[in-house]
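Trainee: Sequence:
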Amino acid sequence: MMVAASVLFTFFVAVASSFVKQSHAFTISPLTTRLTPTTHLFVQRQTKVEDECEQHQHFSRRSLIQQSANILPLLCFAAIAQPVDAKCTDIESCREEGERRVEADLKLNPITKLSDGVRYKVLRPPSVSSGPSVSEGSIIDLAYSINANGRYAYSQGFGYEKVQFGEQLTSDLGLDSKRITIGKHNVPIGIENALIGMKRGERRRVELPPGTAVGFESSNWQPEPTSRNGKFSMEQYRKILNGFGSQPPFPAETVWDIEVLGIR
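Using mature numbering (1 follows the signal peptide of the UniProt record, and there is no 0), the letters of the sequence shown correspond one by one to residues -25 to -1, 1 to 239.
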């Protein structure tokens, strides 16, 4: 940013000096003038600034400001429109860069596939390296967030919902959670399976397919939303699963972010 500002200031002074030199001969209109700042122009103008300033010191400061003000917006636009740190210049190169990053991320943190189409990816490693892991029969405190129909549906303990705290409503981050027992189906079976092996502080993202084997149906649609928006989102999700109007049934997944807050 400092280098760009220095170059922009030098170019501004050079062009302003050029205007002053020709101020008695013509007037430049910003509607008809087009500047293309190049490295050659920066160098050429910079070598002439000192001599030209000495030759035209008799012009007033007001004249300099008025004539140079026309070109300042164009200089600012040129500086913004040509970022120095651009990593890709067209759609194809940006797509290739994105694919390389996804591939590198998958090598470091691969997607784990479970039975019946459940998949998960670790979003954050455990906060402790030792201590118990989630297993069959574990009692855990869980924070979760659910996306359905491609958008946020509802959550508990992630900070997206409000809870009563004292005399006011506040974010539920750190104030709310759901206690479940693995094997009791307090959450869908697919989520129970994805929780196995997690430690306190670990966070995973789970793609949960529908159905009685691992989906919401396997937990009798638990956990239920408590907010109006959450209830509406799940009503819409059920319509997609069952079909409505002219739309046939569609086996849409839900996406869960889950975090183990504690293991008992």
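These aren't lab readings, by the way, just hints derived from the structure by calculation.
Among these hints, one or two may not hold up.
[Unchecked claim] Here are the computed distance ranges between Cβ atoms for each label pair: (1) Leu148 x Pro100: 11 to 21 Å; (2) Glu210 x Cys69: 19 to 29 Å; (3) Pro107 x Gly220: 42 to 52 Å.
Ideal Cβ placement from N, Cα and C applies to all residues, glycine included.
Trainee: Now look at each hint and say whether the structure bears it out.
Mentor: These are the hints, each one checked on the structure:
At about 20 Å, the CB distance of Leu148 to Pro100 agrees with the hint of 11 to 21 Å. Distance hint check for Glu210 and Cys69: the Cβ-Cβ separation is about 38 Å, which falls outside the suggested range of 19 to 29 Å. Between Pro107 and Gly220 the CB atoms are about 49 Å apart, so this pair conforms to the stated range of 42 to 52 Å.
The structure is inconsistent with hint 2 alone, although it conforms to all the rest.
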